[in-house]
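Using the sequences plus the hints, can you model the full thing?
There are 2 protein chains.
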Amino acid sequence: MKIGIIGTGIVGRSHAEKLISLNHNVMIGTRNVERTLAETKTDSMGNVPFSEWLKDNPTVQLGTFDEAAKFGVVVINALRGEVVLDAFANLNKQNFDNKVLIDISNALDFSKGMPPTLLVRDGNSIGEQLQGILPKAKVVKTLNTITARLQINPLELANGDHHVFISGNDTAGKKTAETILKSYGWKYIIDLGDITTARGTEMMMPMWLRLWGAVGKPMFNYKIIK
Amino acid sequence: MKIGIIGTGIVGRSHAEKLISLNHNVMIGTRNVERTLAETKTDSMGNVPFSEWLKDNPTVQLGTFDEAAKFGVVVINALRGEVVLDAFANLNKQNFDNKVLIDISNALDFSKGMPPTLLVRDGNSIGEQLQGILPKAKVVKTLNTITARLQINPLELANGDHHVFISGNDTAGKKTAETILKSYGWKYIIDLGDITTARGTEMMMPMWLRLWGAVGKPMFNYKIIK
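The listed protein sequences correspond, in order, to chains A and B.
This note's numbering puts the first residue of the first sequence at 1, with every later residue one more than the last.
This note's numbering puts the first residue of the second sequence at 1, with every later residue one more than the last.
Hints are computed from structural coordinates only; laboratory data are not their basis.
We treat Cβ as the ideally placed atom computed from N, Cα and C, and that holds for glycine.
Among the hints, erroneous ones may be present.
As the list claims (entries may be wrong) - If the Cβ cut is set under 10 Å, some of the chain A residues that face chain B in the computed set are:
(1) Lys112
(2) Thr117
(3) Phe165
(4) Ile190
(5) Leu192
(6) Thr196
(7) Thr197
(8) Thr201
(9) Glu202
(10) Trp208
(11) Leu209
(12) Leu211
(13) Gly213
(14) Phe220
(15) Asn221
(16) Ile225
Structural data, given as structure tokens:
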């Protein structure tokens, strides 16, 4: 399948690598292709410059946000949450018509120091706002409660015995997202309901940050015992 | 031990029953003793009038908020989160000096329909605000991510194979809270850190409400897989 990924960070790169390994065609979209390719510094999280990553992943195509959105039959939003709404407001919205848009973003504000605070509150999740900007897209919120490496390799932890959540208004859209999740190795998927339920998963981020501290590593996840 | 419980709702009653069964002395505090005893209606959640409950639990004492706080060596805040700060602002603060105050509250706003929305956001948890009002108390946030019945009977679900979280500034205070939790049957307790980490657990409430819908019952809990 042709999959467009919006965002060149660790989340976008992780999904690109995984999707290529699963024989999909992937285009990553960036705000400014030249600037992205010109970066020479490893970022504060230890991620190498994009051009260096691209050398190791030569089958991944690079384009603008609009080109990646147009390319994908399914599009993944892997932007940092705090820039999502501004970025999407400036995209060609028609590129998302009738497409599944998988939104993984978390709206964290790093401006006040660590740990970052959450910009959204109950009533205005990024997932809902994306659906509002793109009424013809099938927005599916998922994976945002999980660190990037585990998102694409759930079997690395307890052989996959933990949960991922999905939220979205469109049943077929959620089925498509579930198919991709299962191809990653996800065994246990909980459908929370419509896109307003993204409030639940987005507001788990402050807890995730504290658990990261308490557990001592980002490779952890929730299992719902019922 | 003498334990004061602030609040006459299902959470306060559940803990009172459990603590009495564990041979503690319990006083429940209410805003207005006469009014509480005069209630004759079963509430919207199906809870019988307090006086009726008290007949079945005759060893539980009833007093004002201040009397229950003064009575307890440990005090449990079992008020609805949306009234906590107003109620505590009007209490005699000295009754909490050097005492462990276990805060179970969740600040839910039911005024805009169901599901309720969360009043707090990242930066102002009820737990932190209580610690601010009562600087000499040892506030410990815990159990608010779990339905009342499971709070006091963790072994009813998967023989207790799931987690409860605690947050608080005072190590000895958290040890006291852990001792009570273990006496309830809790096997797995994660110490998240200081009282600011209550932001994490308080902001899980929107997720809890959606999981309740998805799971179909309130008797569920998180297990952290690491």
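Is the interface hint for Phe165 of chain A satisfied, with its Cβ closer than 10 Å to some Cβ of chain B?
-> holds (8 Å)
When the nearest CB of chain B is found for Asn221 of chain A, is that gap smaller than 10 Å?
-> holds (5 Å)
Is the hint on Ile190 of chain A kept, meaning its closest Cβ partner in chain B is under 10 Å away?
-> Constraint on Ile190 of chain A satisfied, holds at 5 Å.
Hey, does the Lys112 of chain A contact hint survive, CB to chain B under 10 Å?
-> Cβ of Lys112 of chain A sits 9 Å from chain B, so the hint holds.
Does the nearest C-beta of chain B fall within a distance shorter than 10 Å of the C-beta of Thr197 of chain A?
-> holds (4 Å)
Answer holds if the nearest beta-carbon of chain B is closer than 10 Å to that of Leu209 of chain A; otherwise answer violated.
-> holds (7 Å)
Cut-off 10 Å, beta-carbon criterion: hint that Ile225 of chain A touches chain B | holds (4 Å)
Please verify that hint: Gly213 of chain A, Cβ, nearest Cβ of chain B, below 10 Å or not.
-> This hint holds: Gly213 of chain A lies near chain B, its Cβ roughly 6 Å from the closest one there, short of 10 Å.
If you take the shortest Cβ to Cβ gap from Glu202 of chain A to chain B, is it below 10 Å?
-> Result: holds, 8 Å to nearest chain B Cβ.
Minimum beta-carbon distance criterion (10 Å), Thr201 of chain A to chain B | holds (6 Å)
Grab the minimum C-beta distance from Thr196 of chain A to chain B and call the hint holds if it beats 10 Å, violated otherwise.
-> holds (9 Å)
With a cut-off of 10 Å on the beta carbons, see whether Phe220 of chain A makes it to chain B.
-> Interface hint status for Phe220 of chain A: holds (4 Å vs cutoff 10 Å).
Checked against the numbered hints given earlier, the structure satisfies every one of them.
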